[in-house]
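**Q** Those sequence lines, one after another, are chains F and C. The UniProt record's numbering puts the first residue of the first sequence at 1, with every later residue one more than the last. The UniProt record's numbering puts the first residue of the second sequence at 1, with every later residue one more than the last.
Rather than coming from a laboratory, the hints here were simulated on the basis of the structure. Don't take every hint at face value.
What the hints assert, rightly or not - Here are the simulated lysine-lysine pairs, BS3-like style, with alpha carbons at most 30 angstroms apart:
id	chain 1	residue 1	chain 2	residue 2
1	F	K145	C	K94
2	F	K142	F	K288
3	C	K135	F	K145
Stated by the list, open to error - Only some residues are given here: those of chain F computed to face chain C with a beta carbon under 10 angstroms:
id	residue
4	G101
5	A102
6	Y103
7	L106
8	V108
9	C110
10	I125
11	L129
12	L139
13	G244
14	D267
15	V336
To be verified - Counterexamples of contact, computed for chain F against chain C with all Cβ distances above 10 angstroms:
id	residue
16	G104
17	G119
18	D198
19	E327
The beta carbon of each residue, even a glycine, is placed where N, CA and C say it ideally should be.
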Amino acid sequence: MSLAADSPVHSSSSDDFAAILDAELDKISDASADTGEVSEEEQDSDHGEESDSNLDLKRVKRRKVELCEGITDPLSSTSQGEPAQTSGVLSLEKEACLHPGAYGGLCVKCGQEMDEESGVAFGYIHKNLRLANDEIARLRDKDLKNLLLHKKLYLVLDLDHTLLNSARLPDITAEEGYLHGQRDSLPDTLKSSLFRLDRMQMMTKLRPFVHNFLKEASNLFEMYIYTMGERPYALEMAKLLDPGDIYFNSKVIAQGDCTERHQKGLDVVLGQESAVLILDDTEGVWGKHKENLILMERYHFFASNCQHFGFNTKSLSQLKSDESETEGALATVLKVLQRVHSLFYDPVSFPSGAQG
Amino acid sequence: MFFHIVLERNMQLHPRHFGRDLRDKLVSKLMKDVEGTCSGRHGFIVAITGIESVGKGLIRDGTGFVTFPVKYQCVVFRPFKGEIVEAVVTMVNKMGFFAEAGPVQIFVSNHLIPDDMEFQSGDVPNYTTSDGSVKIQKESEVRLKIIGTRVDATEIFCIGTIKDDFLGVISDPGANP
Numbered sequence: 001m002s003l004a005a006d007s008p009v010h011s012s013s014s015d016d017f018a019a020i021l022d023a024e025l026d027k028i029s030d031a032s033a034d035t036g037e038v039s040e041e042e043q044d045s046d047h048g049e050e051s052d053s054n055l056d057l058k059r060v061k062r063r064k065v066e067l068c069e070g071i072t073d074p075l076s077s078t079s080q081g082e083p084a085q086t087s088g089v090l091s092l093e094k095e096a097c098l099h100p101g102a103y104g105g106l107c108v109k110c111g112q113e114m115d116e117e118s119g120v121a122f123g124y125i126h127k128n129l130r131l132a133n134d135e136i137a138r139l140r141d142k143d144l145k146n147l148l149l150h151k152k153l154y155l156v157l158d159l160d161h162t163l164l165n166s167a168r169l170p171d172i173t174a175e176e177g178y179l180h181g182q183r184d185s186l187p188d189t190l191k192s193s194l195f196r197l198d199r200m201q202m203m204t205k206l207r208p209f210v211h212n213f214l215k216e217a218s219n220l221f222e223m224y225i226y227t228m229g230e231r232p233y234a235l236e237m238a239k240l241l242d243p244g245d246i247y248f249n250s251k252v253i254a255q256g257d258c259t260e261r262h263q264k265g266l267d268v269v270l271g272q273e274s275a276v277l278i279l280d281d282t283e284g285v286w287g288k289h290k291e292n293l294i295l296m297e298r299y300h301f302f303a304s305n306c307q308h309f310g311f312n313t314k315s316l317s318q319l320k321s322d323e324s325e326t327e328g329a330l331a332t333v334l335k336v337l338q339r340v341h342s343l344f345y346d347p348v349s350f351p352s353g354a355q356g
Numbered sequence: 001m002f003f004h005i006v007l008e009r010n011m012q013l014h015p016r017h018f019g020r021d022l023r024d025k026l027v028s029k030l031m032k033d034v035e036g037t038c039s040g041r042h043g044f045i046v047a048i049t050g051i052e053s054v055g056k057g058l059i060r061d062g063t064g065f066v067t068f069p070v071k072y073q074c075v076v077f078r079p080f081k082g083e084i085v086e087a088v089v090t091m092v093n094k095m096g097f098f099a100e101a102g103p104v105q106i107f108v109s110n111h112l113i114p115d116d117m118e119f120q121s122g123d124v125p126n127y128t129t130s131d132g133s134v135k136i137q138k139e140s141e142v143r144l145k146i147i148g149t150r151v152d153a154t155e156i157f158c159i160g161t162i163k164d165d166f167l168g169v170i171s172d173p174g175a176n177p
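With the hints as constraints, model all of the structure from the sequences given.
**A** Here it is in structure tokens:
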């Protein structure tokens, strides 16, 4: 079975002619490539036979070129992909796969096994998922276009002391014992924002105004949670903040997802860095992205927290009071975020105070 | 693909179970231990259909446990490369979607989703064609081809594609029957 007549190897010495032939063959479907193969066989034995079909004519032309160049080895076998390679369309599929990502060690595009460790792990989206750097860049660009279309930006939110305050049950002091009481005995403000998680032995107090904040911010931003806490804790908090799983679906990043120890990075966030705003109470963890950071005032509700940070005053829980809803840190920060958003999308309509 | 095969396993039984119902207790322990697990070689053991034989018990030295070699018939599920399966979509995101075909999770990357389908984020993330006629969202049924499998000690990972002919959405969750 000699298919040497159409071997790319043989036609490589007359590149232009081969390129023209390839372009012509591109227009011909696979089916005719098969029939072409058969008719070519006949031609090998019947030298110079001319037929009316374009395909056969070309094959005759090719053979003439070969004979001129003195290449005569009709019995040399080429790869099994031979008939496919004669038509330019299929030859494109033989290009090496760029391995855009891996799931469970398999390339997501060609299914080959890959070694781990290349690219970035996105365990928070799904376990065992990794993406190559090129792919991440491509996805970021694509997503940015989509985002600009919807007039949104990205917002990365910290959990502890920014949106809420948690304390371990053993650390709750006697003065705070009233928090343990039945739901009904708690003052109204606490009923909807104080939660007890027995499984994790913790109590959590959501910052005042947090639900409104998330609702308003979600109209302007695509939001992520990024915490230095562990994954189960992060997921529980996300459930408290977002019971409907609308804001943070597959967007909860925990300590285990960080690529650098004790440092948060935007490399695991699938968004263009230049369009990301970060809201955090700690500056030290955002070493590489200080310019994207908006520093928040810390929220201390529980007494154990105040001690931990070295304050000697009574905590909000001991004073039985709380941050103001309408004038607290979250409300203020929301106004700042709204300003930033309009600066970005509507610089013309903004008063001149924005310059500088 | 599903197979019906005979497997063997050594079951250890605590002496407190010895008595009239020894064999029944052995079988129920076998079912509890084995059903739902995955072995790299055979795939996921879906259900035990029958016990072929229970060998002689051997008392272990030192403890009172007795080991019985049990031969049992079971239905196993093993995905293969090149196989076409029908799966239910469980998660959709910008990178592609995850679908479940029984016990195995298959990932279909957006590289292997037809180019005319675009990702739409929102309350219900989905992939939709430009004219809106075909939609892939959570709970949709899709027919896909498995292009790669990798077997761990306890898990099987699969990559799939819907870019070929006759693959894609079979039914929409919100569609009227």
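**Q** So, for every hint listed, does it hold in this structure?
**A** Hint-by-hint comparison with the structure:
Note on F/K145 and C/K94: the hinted pairing holds, with a Cα-Cα distance of about 13 angstroms set against a maximum of 30 angstroms. For the suggested pair F/K142 and F/K288, the alpha carbons sit about 24 angstroms apart, so the restraint of at most 30 angstroms is met. Note on C/K135 and F/K145: the hinted pairing holds, with a Cα-Cα distance of about 21 angstroms set against a maximum of 30 angstroms. Of the supplied interface hints, the one on F/G101 holds, with its beta-carbon coming within about 6 angstroms of a beta-carbon of chain C, less than 10 angstroms.
Interface restraint check for F/A102: the shortest CB-CB distance to chain C comes to about 9 angstroms, inside 10 angstroms, so the restraint holds. Given hint, F/Y103 at the interface with chain C, holds; its Cβ is 4 angstroms from that chain's nearest Cβ, closer than 10 angstroms. The beta carbon of F/L106 comes within 4 angstroms of a beta carbon in chain C, closer than 10 angstroms, and the hint placing it at the interface holds. Taking 10 angstroms as the C-beta cut-off, the interface hint given for F/V108 holds, the closest approach to chain C being about 4 angstroms.
Because the smallest distance between the Cβ of F/C110 and any Cβ of chain C comes to about 7 angstroms, under 10 angstroms, the interface hint for this residue holds. For F/I125, the suggested interface contact is upheld, since its CB lies about 6 angstroms from the closest CB of chain C, less than 10 angstroms. At about 7 angstroms, the closest approach between the beta carbon of F/L129 and any beta carbon in chain C falls short of 10 angstroms, and the interface hint on this residue holds. A distance limit of 10 angstroms between C-beta atoms decides the matter here; for F/L139 the minimum to chain C is near 6 angstroms, and the interface restraint holds.
Interface restraint check for F/G244: the shortest CB-CB distance to chain C comes to about 9 angstroms, inside 10 angstroms, so the restraint holds. The restraint placing F/D267 at the interface with chain C is violated, with a minimum CB-CB distance near 16 angstroms, outside the 10 angstroms limit. Among the interface hints, the one on F/V336 is violated; its C-beta lies about 25 angstroms from the nearest C-beta in chain C, farther than the 10 angstroms criterion. Here F/G104 does not stay apart from chain C, with its beta-carbon only about 3 angstroms from theirs, under the 10 angstroms limit.
Chain C leaves F/G119 outside its interface by the beta-carbon criterion, the shortest separation being 12 angstroms against a cut-off of 10 angstroms. Distance check for F/D198 against chain C: the nearest CB is about 28 angstroms away, which clears 10 angstroms, and the non-interface claim stands. A cut-off of 10 angstroms between C-beta atoms confirms that F/E327 is not in contact with chain C; the least separation is 32 angstroms.
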